[in-house]
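Here UniProt numbering is used: the first residue of the sequence shown is 1, the next is one more, and so on.
Don't take every hint at face value.
Unchecked claim - Simulated pairs of lysine-lysine, DSS-like, Cα-Cα distance not exceeding 27 Å:
no.	residue 1	residue 2
1	Lys39	Lys52
2	Lys52	Lys80
3	Lys67	Lys80
4	Lys345	Lys323
Stated by the list, open to error - Computed spacing ranges between beta-carbons, pair by pair:
no.	residue 1	residue 2	range
5	Leu258	Ser96	32 to 40 Å
6	Leu59	Arg37	29 to 37 Å
7	Pro53	Gly297	56 to 64 Å
8	Arg294	Arg135	32 to 40 Å
9	Ser96	Trp69	20 to 28 Å
10	Arg24	Leu45	39 to 47 Å
11	Phe48	Thr79	42 to 50 Å
12	Leu47	Gly21	51 to 59 Å
13	Glu338	Glu301	43 to 51 Å
Simulated from the structure, these hints should not be mistaken for laboratory data.
From the three backbone atoms N, C-alpha and C, an ideal C-beta is built for every residue, glycine too.
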Amino acid sequence: MPPPVSSDVGAAHSKLLTLQGKLRAINDQKREIDRQREKLRLEALQLFEEYKPVEQDLLAEAERYAKAWGVQFGYTLCTKLPREIRDIIYEELIVSPNSITIDPVHDDDDDPWGGWGLPSWTDTPRPDNWSIRSRAPREQWQHLVCPEYYGPVMSHEILQTFYNCNNFNISIGDLGLLLTSDILQTSHLPLEYIRKLWINVTETSMLHRWNWRAPTTAAAADWDTFYPPLTDVEVTECPADPWPHETGKAAIIDVLSLVPNKQACEVAIVIRTGIHAIKHPLLVNLGGILFRLRDEGFTVEVLQRARKKGKKKRSVADGKCYKFPGSDWTSLFDMSREKWNEKVKTKTISVCAFCSSDCYC
Numbered sequence: 001m002p003p004p005v006s007s008d009v010g011a012a013h014s015k016l017l018t019l020q021g022k023l024r025a026i027n028d029q030k031r032e033i034d035r036q037r038e039k040l041r042l043e044a045l046q047l048f049e050e051y052k053p054v055e056q057d058l059l060a061e062a063e064r065y066a067k068a069w070g071v072q073f074g075y076t077l078c079t080k081l082p083r084e085i086r087d088i089i090y091e092e093l094i095v096s097p098n099s100i101t102i103d104p105v106h107d108d109d110d111d112p113w114g115g116w117g118l119p120s121w122t123d124t125p126r127p128d129n130w131s132i133r134s135r136a137p138r139e140q141w142q143h144l145v146c147p148e149y150y151g152p153v154m155s156h157e158i159l160q161t162f163y164n165c166n167n168f169n170i171s172i173g174d175l176g177l178l179l180t181s182d183i184l185q186t187s188h189l190p191l192e193y194i195r196k197l198w199i200n201v202t203e204t205s206m207l208h209r210w211n212w213r214a215p216t217t218a219a220a221a222d223w224d225t226f227y228p229p230l231t232d233v234e235v236t237e238c239p240a241d242p243w244p245h246e247t248g249k250a251a252i253i254d255v256l257s258l259v260p261n262k263q264a265c266e267v268a269i270v271i272r273t274g275i276h277a278i279k280h281p282l283l284v285n286l287g288g289i290l291f292r293l294r295d296e297g298f299t300v301e302v303l304q305r306a307r308k309k310g311k312k313k314r315s316v317a318d319g320k321c322y323k324f325p326g327s328d329w330t331s332l333f334d335m336s337r338e339k340w341n342e343k344v345k346t347k348t349i350s351v352c353a354f355c356s357s358d359c360y361c
């Protein structure tokens, strides 16, 4: 005989059926939502495929409009405003408040860790490619010198302003690249317009690369008769042509002779050193360069800046050393070439800091 059915069992069964019905309804709604979602996804993909060519056409048309408007604007600007007013506008557009610095691969061939440009051996070496290292200013201003956007006249005037008014801070090894390879990648040579240069060179390079030696050319075969090879310490004579004849850093600086408008070009030779006294040969070499550039018409100053942190300071070597004059050395060369040559011979260029066994005080 079967057991009697309890009222609790009946109620539980009824509740179970109710809950199953609700769950079934929820699942039906969820499946409907999934179907709608898939339908919307497919419709979105279709719309995206239709959108892409329209977007491309819109961007191309916007580009054509921008170029047409820019060329018309450039023509109007150049015909309605005098050059003086246009230059004021260009300066607001393309002149940097700070010097434009292009980091070197390294600053001195004798310094594999990079001198002032690469302060620590743990740093990642910079790329050797000039285009990559000059990318930052190009990305900022290249569109302003594109003839397609502003016309050939306005874009060329902006390029002139870029080189006329900005101060370029570079390593001596990059000097030739800066003068002959346009940062903004136009067909023009920067040396035609450049006006302000900071050329960084290390004291080590000046002392050990630029000793006064006999030139190897046949035209100067008798050089040794008058100016025998000199050591770093025993520099007692300034050559008749005070310009290093060896290849290397001096030959790199010699590319400045390509600048056509030398009288309008300001050159700062920036010595990177941690030494707080100046060796006599360093000033002799600097003087030869400075007077040569002045004779060609350049405005020249000599500045001192410390090496970047992470570079050990070098101790002062034996020889005649002068008292550290501060960060601006230009006043040491404020004299005629004849007076300079006399001071070089007598080793009285500046105030003596101290004497060593090799000092001629």
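Hints that the structure is at odds with (numbers, increasing): 2, 5, 10, 12, 13
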